[in-house]
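J.: Here is how the chains run, residue by residue.
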Amino acid sequence: MSEPTAAPVPVPETAPSPGNTTGTGTAPEIGTNPGTAAGTGTAAPGGPVISTAVTGGPVTGTLRGLGVGPGRAAGRAFRMAGPPPLPTPVRGGDPDRERREALRALAAVASELEARSVAASDPAASAILEAQSFIAADPGLLESVEGNVAAGMDAAHAVDAACAGYREALLAAGGLIAERAADLDDIRNRAVAEVLGLPVPGVPDPGHPFVLVADDLAPADTAGLDTGTVLALVTERGGPTSHTAILARALGLPAVVSCPGATRIGEGTWVSVDGTTGEVRTGIGEEEAAEIRRRATADRLRRATSGGPGRTADGHPVELLLNIGSAADLRPEVEAEGVGLFRTEFLFLDRREAPGFDEQVAAYEEVFRAFPDGKVVVRTLDAGSDKPLPFLGAGREPNPALGVRGLRVARGRPAVLDTQLDAIAEAARRSDAEPWVMAPMVSTVAEADDFAARARARGITRVGAMIEVPAAALRADRLLERLDFLSIGTNDLSQYAFAADRQHGELADLLDPWQPGLLRLVSECARAGRAAGKPVGVCGEAAADPLLAPVLVGLGVTSLSMSAPSVAPVRDALALRSLERCRNDARTALEADDPARARRAVAAGGPR
Amino acid sequence: MPERTVVIASRTGLHARPAKLFVQAAAAQGVPVRIRLGAGRSVPANSMLAVMALGAEHGAEVVLEAEGPGADAALDSLAGLLSRDLDAEETPDV
Chain V
1 MSEPTAAPVP
11 VPETAPSPGN
21 TTGTGTAPEI
31 GTNPGTAAGT
41 GTAAPGGPVI
51 STAVTGGPVT
61 GTLRGLGVGP
71 GRAAGRAFRM
81 AGPPPLPTPV
91 RGGDPDRERR
101 EALRALAAVA
111 SELEARSVAA
121 SDPAASAILE
131 AQSFIAADPG
141 LLESVEGNVA
151 AGMDAAHAVD
161 AACAGYREAL
171 LAAGGLIAER
181 AADLDDIRNR
191 AVAEVLGLPV
201 PGVPDPGHPF
211 VLVADDLAPA
221 DTAGLDTGTV
231 LALVTERGGP
241 TSHTAILARA
251 LGLPAVVSCP
261 GATRIGEGTW
271 VSVDGTTGEV
281 RTGIGEEEAA
291 EIRRRATADR
301 LRRATSGGPG
311 RTADGHPVEL
321 LLNIGSAADL
331 RPEVEAEGVG
341 LFRTEFLFLD
351 RREAPGFDEQ
361 VAAYEEVFRA
371 FPDGKVVVRT
381 LDAGSDKPLP
391 FLGAGREPNP
401 ALGVRGLRVA
411 RGRPAVLDTQ
421 LDAIAEAARR
431 SDAEPWVMAP
441 MVSTVAEADD
451 FAARARARGI
461 TRVGAMIEVP
471 AAALRADRLL
481 ERLDFLSIGT
491 NDLSQYAFAA
501 DRQHGELADL
511 LDPWQPGLLR
521 LVSECARAGR
531 AAGKPVGVCG
541 EAAADPLLAP
551 VLVGLGVTSL
561 SMSAPSVAPV
571 RDALALRSLE
581 RCRNDARTAL
591 EADDPARARR
601 AVAAGGPR
Chain S
1 MPERTVVIAS
11 RTGLHARPAK
21 LFVQAAAAQG
31 VPVRIRLGAG
41 RSVPANSMLA
51 VMALGAEHGA
61 EVVLEAEGPG
71 ADAALDSLAG
81 LLSRDLDAEE
91 TPDV
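Residue numbers (full-length UniProt numbering), protein chains in the order written: chain V, 1 to 608; chain S, 1 to 94.
These are calculated hints, taken from the structure and not from any lab test.
Please note that a few of the clues may not be correct.
Unchecked claim - In silico lysine to aspartate or glutamate, EDC-like type, Cα no more than 20 Å apart, as pairs:
| no. | chain 1 | residue 1 | chain 2 | residue 2 |
| --- | --- | --- | --- | --- |
| 1 | V | K534 | V | D477 |
| 2 | S | K20 | S | D87 |
| 3 | V | K534 | V | E434 |
| 4 | S | K20 | V | D449 |
| 5 | S | K20 | V | E130 |
| 6 | V | K534 | V | E397 |
For reference, chain V alone in the conformation it holds in the complex:
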């Protein structure tokens, strides 16, 4: 799990980028009273249209971003403060003052956490908060902060560096201890915010349901998100494959990302969010909000009653499958035809040593048994890049996304892959399952050959590859001479086809799954699949977009794999369109000049 903002070596583009979370831009507005500040942004000529160019005051009118979680919602907007960015280091300050300031901030954080621990009604949450308050007051941490000040750092940097030092040590220790690193990140963010006088990072708690607005959302921000009170997500940055988008689909929340001006929506302003069109309207009234909610509930009910296998209006079957990380993600209430992407990383994360054969067998068997008649597609370990694994002992790479990741790990450490394949085969024998097994990051026919040989030697009968590398997509026909199926990971395929980092919010437009260039690569794979009579699925977030899913089917994709909450909306969307209509939509999307036009042109057709 990537944690860019709190990592000891900050990812340059996310941490101190000016105009995002720096004090000059959005942060001071947190305490602004919307009653008095509203209206200052309406000066734009031409009435209440788009006034995102207004600096300072809250925005009004309609904002446009990328809709990534379908559905509509309305409510009052509240903003989440991101982790405080570090200012330029101050050298030569008064060490006594910096020391006092740093220790005061940590003491304040410790007592705040202590108070929340006492107030928490859930004993488990209370214990976690108490343990966290101890870490904030830990003598070793304080000593390290004092040492850093003595070495010339200012208070904020001294706290940051001390936390970073222990963070490394905890991660190196692995296991349960490594999980404490997230606690330390939270303490770091709170204490640095305290020193700098910035708002405390975290999800706001206005005491009623609200629309959560943020610059961007990291996994740690949303771990404890109460889906009962969050109505929708709106972020200034982030792309269609960002954590926010994935989370929104996982929770079934309407969401708009890459929405300029979002963080300048006045605190407490009523807004409506359309996660399909990407529109965020401010200045709506409470009555209109109630009407939008009523309609959204009706939509949800209609979807909730849909069921059965995926098919188009004229009965063309399209397998609807689930993306899961472990058996814990299987949701009995979601009717799916199997698992299209079983990520196996969870077994390996935070480990000092690779998980043993028996442990792996047990984990795979649990998933196989959950789908006695259904399809389960297992992806072998996808390590590296944003998922570094301590036990692999990989050094830092200048370009981890282009480095030794996915199947490439087997070049230096074939035993890890072999053990995993042994465990998958054994779990299959024990549960009488016939799993489909695929390797991530296959680039060449030779790699596919090698993987297929290893898998088949163990009795695995259905062997495939993820298509994430453009070179592999272009050779889909040759890969299918060796393999039984392909599964397109559109998130990584976008990243590599457009040479744009998945985490880079400013490049979100390039990572839009509606990019005609990406769809052309998908089309190439689907064509090869049809020619070979072999299945080609999509397991990226593109498959979860109810407007794009019919386009993928029109291109010739045979299965769609997504997180559980997306299954019903996608099933609904397919059931409303004939295969012929899907093919027309696919042609329309391929021929469009850009994603926005593609989306508009396909949406304009309406169902059927």
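Got chain V sorted already, so can you dock chain S onto it with the hints?
T.: Just chain S now, kept in the frame of chain V:
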């Protein structure tokens, strides 16, 4: 300064529960105690973070140091703790 050199007896090393028991015991001493691994820098023995960060494995040699009244008794008590296999012992009544 009074010192004690002791070999970590706990099978899992000075992590998790053994580390917690040791840190709690160190904090309960009337005198500040420090711990170091080999030739490394000494850290406060009452710091869970610092003690875990040492990464002292089973069989590693650590040095405890303290100064002032009661230092020897404190060091003896803590050295005694580390020379037992804390993983094998029952959870004390808490």
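J.: Quick check: which numbered hints come out false for this structure?
T.: 4, 6
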